[in-house]
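J.: Produce the complete structure using the sequences and hints provided.
The lines below spell out each chain.
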Amino acid sequence: MNPVNYLYLSALLFTIGATGVLIRRNAIVVFMCIELMLNACNLAFVTFSRMHGNLDGQVIAFFTMVVAAAEVVVGLAIIVSLFRSRHSASVDDASLMKL
Amino acid sequence: MSFPLLTATAVLPAIGAIATAAVPAARRTAAKWLALTVSLATLALAITVLVRFDPDGGRYQLTESHAWIKDFGVRYELGVDGIAVALIALTALLIPFIILAGWHDADPLETGSRRWRPTQGFFALILGVEAMVIISFEATDVFLFYIFFEAMLIPMYFLIGGFGDRAHEHGEEAASTQRSYAAVKFLLYNLVGGLIMLAAVIGLYVVAGNFSLQEIAQARANGSLHMATSTERWLFLGFFFAFAVKAPLWPLHTWLPNAMQESTAPVAVLITAVVDKVGTFAMLRFCLQLFPEASKWATPVILVLALISIVYGALLAVGQRDIKRLVAYASISHFGFIIMGIFAMTSQGQSGATLYMVNHGISTAAWMLLAGFLISRRGSRLIADYGGVQKVAPVLAGTFLIGTLATLSLPGLAPFVSEFLVLVGTFTRYPAIGIIGTFGIVLAALYALVLYQRTMTGPVKPEVSAMPDLRARELVVVAPLIVLLVFLGVYPKPVTDIVNPAVKSTLSDVHKKDPKPEVEAVAK
Amino acid sequence: MENLIALLVAAPLLGAAVLLCGGRRLDAVGHWIGVLMSTASFVFAVILFADLLGKDAEHRTLMQHLWTWIPVESFQADVTFRLDQLSITFVLLITGVGSLIHLYSVGYMEHDERRRRFFGYLNLFLAAMLLLVIADNYLLLYVGWEGVGLASYLLIGFWQHKPSAATAAKKAFLVNRVGDMGLSIAIMLMFTTFGTFAFGPVFSHAGDASEGKLTAIALMLLLAACGKSAQVPLQSWLGDAMEGPTPVSALIHAATMVTAGVYLIVRSASIFNGAPDAQTAVTVVGAVTLLFGAIVGCAKDDIKKALAGSTMSQIGYMVLAAGLGPIGYVFAIMHLVTHGFFKAGLFLGAGSVMHGMNDEVDMRKYGGLRKYMPITFITFGLGYLAIIGFPFLSGFYSKDKIIEAAFAKGGTEGWILGTCALVGAAITAFYMTRVMLMTFFGEERWKNQPTRSPEAPSAEPAAEHRGEHAEPHPHESPKVMTIPMIVLAFGSVFAGGFFGIGDRFLHWLEPVTGHSEGDSPLSAGAVTGATMVCLVIGVGIAYAMYGRRPVPSVAPRGSLLTRAARRDLLQDDFNHVVLVRGGEHLTRSLVYVDHTLVDGVVNGTAASVGGLSGRMRRLQNGFARSYAVSMFGGAAILVAATLLMRAV
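Chains as they are written, first to last, in my numbering: chain A, 1 to 99; chain B, 1 to 524; chain C, 1 to 648.
It is worth saying that the hints were derived from the structure and are not from the lab.
This structure is a prediction, so every number in the text was calculated from the model and none was measured.
Heads up, the beta-carbon is just placed ideally off N, CA and C, and yes, glycines get one too.
Don't take every hint at face value.
Residues of chain C clear of chain B, computed beta-carbon distances all greater than 10 Å [unchecked claim]:
id, residue
1, N3
2, A40
3, P71
4, E73
5, S236
6, E443
7, K447
8, Y543
9, Y546
10, A624
11, A636
In silico DSS-like cross-links for lysine-lysine, where the CA-CA straight-line distance does not exceed 27 Å [said to hold, decoys possible]:
id, chain 1, residue 1, chain 2, residue 2
12, B, K516, C, K213
13, C, K213, B, K513
14, C, K213, B, K461
DEER-style ranges, computed between Cβ atoms [unchecked claim]:
id, chain 1, residue 1, chain 2, residue 2, range
15, C, E413, B, P431, 27 to 33 Å
16, B, F439, C, N621, 57 to 63 Å
17, B, I154, A, V72, 38 to 44 Å
18, C, E413, B, F439, 30 to 36 Å
T.: Structure (structure tokens):
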């Protein structure tokens, strides 16, 4: 099978994730969309690794997973505490971070 | 190695500033006396400089030179010519009077006001400004000059923004707002000027490879340093812009009325009589020496701007309702004369301009400080709030009249000598400009006498009827200034003797000679 | 002997310094210090005069160099004094009349609490005026020139608490400044032309300069003279200057300071001789002013203002004579000296009348005073006869010579100038007779009425001490006032004859000013005859109008000319509309422009930077998703740019 097809899939997943981040209000969904984008990137990295015949891409994919795990920890904690204080998981309700 | 006299003259007030600031808050009076003592000691050092300076000796004397930032060829280089000596003496002379006049300006306000007025800070800042102004007059390294030219904005900013008149018609809150407006305006104007100058300073370094005024001027004179015409012009404009803001020249003048109006009278004197002089001084020292050709190229425009300053400043002074604003616009007119004298490029014009800087310093100090004493008595800056003071406080009125007469350049008082020299110097080369400039003397009489008439004569206003006459401290401030005004008006030779050789070498830098008279009537 | 010259100035200057700085402790003796210093100066002047008399006519010049004043390369101004025949004439007049007026003021200012200061100012005036006439270069002369302006300012505004006095003082100073501008431009022109402005070299090389330069210098000097001597078009300050105390009017605004312009022109004879066009301008100014002043003098009811008009007119005669060149210089000075005597006498007489009349100045409220003030009447009368040119009194000799010289100018010009001078003589006779009749003759109009209507301006606030609304009780003034008047009356009677007979004055001044006889189309006798006819006509008309008919105590409306003349021929109205109003509008609009335009550009820049950052701030709205949009947008732009770069 032509590896380029994996790249197409990766681009499709990334676009779905990006659209989700932009249009959904629920923090959890936004969060999952971000995960989707990260994983789309991982797919692309692994594909490139395969295409070019070296392991750099796979190494970076592992890095990304570690970062994603850390992000999940921090991000979910923030969402939970936000939900506790506001009784809502909508990102638009938390708009205090401005000048 | 001889004693570094010039460094000492600048460092002493700097140390004094730190020491004054360090005096504990409870011992306010001690801080005042300390500041006064330091300023008098600085005056003594300045007089030593004056005595040690030999007018017929080399161009720069008492020089000091040390490497500072080797990588960029920046040196700690000091040296004075006759023009600088005269201005250092003026600065050192005026500061004790400024301190004495502002003796109570920074006292804590009466109970009930929450505003904190750091007395020590006021006097420390004044001494700090003195130190920086003196070193600006001494520096012969462009970079060194630039640093202190800019740095003096900081203490000035706090002096303007932090200490205002004790009373204000719209209450303390409004006064505070206006003060910060004036201080910020002062700072921004001068920073923009300084920024443009910084670009020019860097440009100069790129072209010349070092910052030494003497080396660059010499290299330019003997042709070893060639500058393209357009480069020279751009660099000249960069320097001139900063100096024209500081001086201030029309149309860059609008910060001065605000700054002088909002600050206390002694600080206003500090601005116009001392700090602004750095601008005109630097035109003579840096613009003309570093960029002789560009200076000549820009002369017509600058002369016209100076002429506008003279007439415009005077006309606006006539239309003011606020005493301090009136003095500020009068100063703008006077600075027009100074700049006109510098760029007339004749020995009378430039000697006159230098003399003008000294005389304007003394006369404005006398006039403005007296105005300040008047304002502190009534608590209002508006001319319309006064009337008939002459009857209540004859000594105040009499001394104020002498200040008024000095401002309108009455012959016999010092400003006349310099104003006439400037006019003659301009007239010999540019008759039309000289003639229009003489209109300035009519307008000067108008604004000065209008102020005197409205405040001092006429029926006594009820609010001023209990006004006390000058106190001993105030008389001590004013009397020496008036004596100096008379002395330098009758016998200005000591100053001209010091200034003339320096002006001669400046003129030879720009390759200009005085025009010859039509008929040789004087036997050679 | 030269060393005495500086003392001429030093004595009154010292007096001024002591009196003005001395404070209240000198109040008791201050006036006598003033008199002493002025008299000392007079004594020095007499000694110097005796010394000059003892020398040959050619060597009658004393020079004293004191110090180098302003040395800048070729610009060399020295403090050097020159005393020659012309200067000493002035010095004697100034110190002599000045001392008399000091003495008179002791009595006149007796009730004024600021008398010490008054004498300080008077001494200051004497010092400045003496400096003006003994300076050896134009710049030093300029110091005296502005110095007398300052003294005049201080003395006109002596009663500062009256707004009218303060305004008049300011006006006098400002108008004078316009003239001073002329003098300073003249000095600058001299410097560019001759490289110096000292009398000696300028006069000896005047012939080498081009006529254009000389004309320019001369016209600027004329402008200066117009300001100081109240000549058209800068005459408007003199009438208002009468706000000052009367001795001031006598000394400064009649006898000495206002004649400084004539001195300047005569002193600069060498320059004017080389500039015929400028000389014509001088004669025109003189002729116009002598008629202008005379017409104004006819309409004024205020005795001092009538005399002020007369002063203007008489100085017009002098300026006219000075403009005639060598024919007239000597006679200009001669008339100046005799005028100094009789006009000072007339003013002191007027002061004496006011002193006795509760400081009333309106002549319509005088009348019949000769019985009450005999000495004042006689001395005033002699001054009156002198000024109208009554035969064998002072004015007869000096004015007659000027009229002769005007005709001797020759040509149409001579006829025009001569006729003007003759007409002026007739008008002089008219208005002086009017003053005389209204004051000393006729019914006693001051009886049974309060002296001052509330709105009538009055010069002398000392009236407050003496009861303002009481009926006046005319009385003769004390001796300290009458003695100076008697001395001046002597001068009015005899000075002209002393100078004129045998041409004494001519021989005295000729070495300095030069002299030439013009060729007059009329004989001397014919001119004298014509003058006499004019005199009789003027006196006759005045007698018919004011002697035979009663004088109404409220001024009638009068003809158009009378009303215009009362308002100084509308000159003040013109000034007010054009200069004052115009100036006010100009400054007001400039203040506006400065605030909105010049400052506005700066504040506008600041405001637009502030506004822009306010706009930018909106982007930071706090919505995480809008931040995300900008992130994606930015990333997309970066990617697109990278691709684009690669494609190119």
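J.: Which hints, by number, does the structure contradict?
T.: 3, 4, 14, 17
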